[in-house]
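2 protein chains.
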Amino acid sequence: MERIFNFSAGPATLPQEVLELARDELANWHGCGMSVMEMSHRGKEYMGIQAEAEADLRELMGIPANYKVLFLQGGASSQFAMVPMNLLRGKASADYLNTGEWSKKAIKEAKKYCTVNVVASSEDKNFSYAPAQEAWKLDPNAAYVHYTPNETIGGVEIFWTPQTRDVPLVADMSSTILSRPIDVSKFGLIYAGAQKNIGPAGLTLVIVRDDLLGQTISGTPTMFDYKTHAENESMYNTPPTYAIYIAGLVFKMLKAKGGLAAMEKANRAKAQLLYDALDTSSFFNSPVAPENRSLMNIPFTLKDAACDDEFLKDAKGRSMVQLKGHRSVGGMRASIYNAMPIEGVQTLVNLMKDFEKKHG
Amino acid sequence: MERIFNFSAGPATLPQEVLELARDELANWHGCGMSVMEMSHRGKEYMGIQAEAEADLRELMGIPANYKVLFLQGGASSQFAMVPMNLLRGKASADYLNTGEWSKKAIKEAKKYCTVNVVASSEDKNFSYAPAQEAWKLDPNAAYVHYTPNETIGGVEIFWTPQTRDVPLVADMSSTILSRPIDVSKFGLIYAGAQKNIGPAGLTLVIVRDDLLGQTISGTPTMFDYKTHAENESMYNTPPTYAIYIAGLVFKMLKAKGGLAAMEKANRAKAQLLYDALDTSSFFNSPVAPENRSLMNIPFTLKDAACDDEFLKDAKGRSMVQLKGHRSVGGMRASIYNAMPIEGVQTLVNLMKDFEKKHG
Numbered sequence: 001m002e003r004i005f006n007f008s009a010g011p012a013t014l015p016q017e018v019l020e021l022a023r024d025e026l027a028n029w030h031g032c033g034m035s036v037m038e039m040s041h042r043g044k045e046y047m048g049i050q051a052e053a054e055a056d057l058r059e060l061m062g063i064p065a066n067y068k069v070l071f072l073q074g075g076a077s078s079q080f081a082m083v084p085m086n087l088l089r090g091k092a093s094a095d096y097l098n099t100g101e102w103s104k105k106a107i108k109e110a111k112k113y114c115t116v117n118v119v120a121s122s123e124d125k126n127f128s129y130a131p132a133q134e135a136w137k138l139d140p141n142a143a144y145v146h147y148t149p150n151e152t153i154g155g156v157e158i159f160w161t162p163q164t165r166d167v168p169l170v171a172d173m174s175s176t177i178l179s180r181p182i183d184v185s186k187f188g189l190i191y192a193g194a195q196k197n198i199g200p201a202g203l204t205l206v207i208v209r210d211d212l213l214g215q216t217i218s219g220t221p222t223m224f225d226y227k228t229h230a231e232n233e234s235m236y237n238t239p240p241t242y243a244i245y246i247a248g249l250v251f252k253m254l255k256a257k258g259g260l261a262a263m264e265k266a267n268r269a270k271a272q273l274l275y276d277a278l279d280t281s282s283f284f285n286s287p288v289a290p291e292n293r294s295l296m297n298i299p300f301t302l303k304d305a306a307c308d309d310e311f312l313k314d315a316k317g318r319s320m321v322q323l324k325g326h327r328s329v330g331g332m333r334a335s336i337y338n339a340m341p342i343e344g345v346q347t348l349v350n351l352m353k354d355f356e357k358k359h360g
Numbered sequence: 001m002e003r004i005f006n007f008s009a010g011p012a013t014l015p016q017e018v019l020e021l022a023r024d025e026l027a028n029w030h031g032c033g034m035s036v037m038e039m040s041h042r043g044k045e046y047m048g049i050q051a052e053a054e055a056d057l058r059e060l061m062g063i064p065a066n067y068k069v070l071f072l073q074g075g076a077s078s079q080f081a082m083v084p085m086n087l088l089r090g091k092a093s094a095d096y097l098n099t100g101e102w103s104k105k106a107i108k109e110a111k112k113y114c115t116v117n118v119v120a121s122s123e124d125k126n127f128s129y130a131p132a133q134e135a136w137k138l139d140p141n142a143a144y145v146h147y148t149p150n151e152t153i154g155g156v157e158i159f160w161t162p163q164t165r166d167v168p169l170v171a172d173m174s175s176t177i178l179s180r181p182i183d184v185s186k187f188g189l190i191y192a193g194a195q196k197n198i199g200p201a202g203l204t205l206v207i208v209r210d211d212l213l214g215q216t217i218s219g220t221p222t223m224f225d226y227k228t229h230a231e232n233e234s235m236y237n238t239p240p241t242y243a244i245y246i247a248g249l250v251f252k253m254l255k256a257k258g259g260l261a262a263m264e265k266a267n268r269a270k271a272q273l274l275y276d277a278l279d280t281s282s283f284f285n286s287p288v289a290p291e292n293r294s295l296m297n298i299p300f301t302l303k304d305a306a307c308d309d310e311f312l313k314d315a316k317g318r319s320m321v322q323l324k325g326h327r328s329v330g331g332m333r334a335s336i337y338n339a340m341p342i343e344g345v346q347t348l349v350n351l352m353k354d355f356e357k358k359h360g
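Top to bottom, those sequences are chains A and B. Under full-length UniProt numbering, the first residue of the first sequence carries the number 1, and numbering increases by one thereafter. Under full-length UniProt numbering, the first residue of the second sequence carries the number 1, and numbering increases by one thereafter.
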């Protein structure tokens, strides 16, 4: 079978040119006689790979010099604990916005370590929108404010940056990072699992303002202390070297394609194509408020849920996989990260039109 | 350059046939139209890969049914905290054997969570041997007994299994796992970073007897609770899928080569070749007590440390890299894991003979 269109929410489709380059140099990197997987993380070849990946990421995102870039493991799920363990800094509570499944998980874990003040929630409408800033009940004494700018499951994206005055803003950017430019200086800490827009699963990216480091709560494992990794350039122990190498290839490709502004343009075009199809259909429906429609994860339902299986089967027949929606939303979900070509979205839209003609 | 002999302690050399197979299927796994890196961890392709990896590992190591196999992240360094957080089970202290740098790190981290009773130490002789069982001062009330059967830095291996009566035995097997058969049923918990005999960095293997689960200390992050992963077949969150896939290829290759008994035979032949060269030399020296000479990591010193740089340069000239010893031992260290071919050891021995002729 030739290459398919993979709409998985993560691990997700990767740029074809990155995969082909990785394949070509898998067994022998740049003629050095070994695979990147085999390199000592203390050797000059691998040290160069990781340093270049960090430099390229800093350039792509415009990361200020007073922010550390950490290449960690354990996914966003580990960050749900690491954030309070590191950022409470003697305070007793933290503010959390609740916009969906991932917000809820972050809140649940934070409650192990502090009082959680939920500043606003969209649970009243099954997480189909994001509460406006005016509705947030911020606590000026909170240790930090945590939010999820893009809910991977609900497909709810927040396109504005919350104002939190002097309270550090923390964002789980797992499914939005690198999809469009952001102003890193507005954040205290950004984290993201790699398996959407960055690279393979097993790598977690953390970008943290350096003044927030060094005040973990008692009992924090050494590996859960950001300072451990910040002071050792993510080499306190062996980092996930191969995943970092692949991420580095992705970063270099994004730079070559014009950086995050070019990504945003392409992503808006792809999302527009799909949302237009949804809006002009009387068979398919987007459950998300128009101002919060995600550029990355687009859930949609069919008029008759009994047709879901047939739609998925037809999609497979046209080389499209992983379109089944999450059980909490139902229907379908198309995750269209940076690496999804517009041809994939066009193929999906074509199927939707044909399917509606048949069943509408 | 053609393939070199890489003596790195980890990440380390991988089997060439595994690398070549991984290369061939990197961009399109078994004709499914995507890379393993792109597969949803909930999709049937990837679920099959992980299930097969676990089944092959269970067969290779003879893992009893009442043991869980967990594919985790964070390295042995994370286990240093996870072990006490999970296994103290209401007790106040744990027993640790101190045989070198990795034992020391495990002990330091455990002290965050409990009283550590060092049952015996070989620090008196710069960790060049392992204390005999008779010298261990075991505490019958300890929550568990922790030891490091192979010290990667010191090259000290313990070939017998400690007797701890009813107290669970915990082993950091990072640099010895899969090198020879062991009786898993003698252990409460075994852990190992993957980047020596298993696969790429970023994967940590834990094998744990199921009755030890479910009694974490207060404040344990959800991701540091073994039960979280045991109850979700290592899919509570996204596992390091590509690293698990490569590990699965390694397991399959080990089975095809005759399993761990065959590995032990090959590893003993390789180690013997190098130790014989050391014992018959008046220029090179092994600092390790004969009964504790590691099959995997072989440190050795030159008569004159001023020759170290020349030796490393000559080694590079013969396509051998990563032979420089750890600063705590000095001299050289040859890590000769399963994937190091005997030709690599022979090439090293040949260099040693020529070098001694020139400088001895």
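Certain hints may be false.
It does not matter which identical chain is meant; a pair holds if it fits inside one copy or across any two.
[Stated by the list, open to error] In silico DSS-like cross-links for lysine-lysine, where the CA-CA straight-line distance does not exceed 30 Å:
1. LYS357 to LYS313
2. LYS186 to LYS257
3. LYS44 to LYS104
4. LYS186 to LYS303
5. LYS44 to LYS105
6. LYS91 to LYS324
7. LYS108 to LYS303
8. LYS265 to LYS353
9. LYS227 to LYS303
10. LYS255 to LYS357
11. LYS255 to LYS358
12. LYS303 to LYS44
13. LYS316 to LYS357
14. LYS91 to LYS186
Quick caveat, the hints were computed from the structure, so don't treat them as lab data. Computed from a predicted structure; not experimentally measured.
**Request:** Up to 30 Å between alpha-carbons, please classify LYS44 paired with LYS105: within, between, both or neither.
**Result:** Between copies only: 25 Å across, 40 Å inside.
**Request:** Could you figure out if LYS108 and LYS303 sit no more than 30 Å apart (CA to CA) within one copy, between two copies, both or neither?
**Result:** neither (34 Å within a copy, 60 Å between copies)
**Message:** Regarding LYS186 and LYS257, is the shortest C-alpha distance of 30 Å or less found within a copy, between copies, in both, or in neither?
**Reply:** Intra 26 Å, inter 56 Å, cutoff 30 Å: intra-copy only.
**Message:** Within a copy, between copies, both or neither: which one fits LYS227 and LYS303 at a CA-CA cutoff of 30 Å?
**Reply:** neither (51 Å within a copy, 41 Å between copies)
**Homomeric proximity label, LYS255 with LYS358: Cα distance no greater than 30 Å** = For LYS255 and LYS358, the Cα distance exceeds 30 Å both inside one copy (43 Å) and across copies (52 Å).
**Message:** I want to check one pair: LYS316 and LYS357. Are their C-alpha atoms no more than 30 Å apart within a copy, between two copies, both, or neither?
**Reply:** Within one copy only: 18 Å inside, 68 Å across.
**Asked** Given identical chains, is LYS255 near LYS357, meaning Cα to Cα at most 30 Å, within a copy, between copies, both, or neither?
**Response** This pair counts as neither: shortest intra-copy Cα distance 41 Å, inter-copy 54 Å.
**Asked** Is it within, between, both, or neither for LYS186 and LYS303, if the alpha carbons may be no more than 30 Å apart?
**Response** Result: close neither inside a copy nor across copies, 41 Å intra and 59 Å inter.
**Asked** At most 30 Å between C-alpha atoms: does LYS357 with LYS313 qualify within a copy, between copies, both, or neither?
**Response** within (17 Å within a copy, 72 Å between copies)
**Prompt:** For the identical chains here, do LYS265 and LYS353 meet the 30 Å Cα criterion within one copy, between copies, both, or neither?
**Reply:** Within one copy, since 25 Å is at most 30 Å while 64 Å is not.
**Item:** Within, between, both or neither, where LYS303 and LYS44 count as close if Cα-Cα is 30 Å or less
**Value:** between (58 Å within a copy, 28 Å between copies)
**Prompt:** Between LYS91 and LYS324, at a C-alpha cutoff of 30 Å, which is it: within one copy, between copies, both, or neither?
**Reply:** Close neither inside one copy (42 Å) nor across copies (47 Å); limit 30 Å.
This entry does not satisfy hints 4, 6, 7, 9, 10, 11, going by the numbered hints stated previously.
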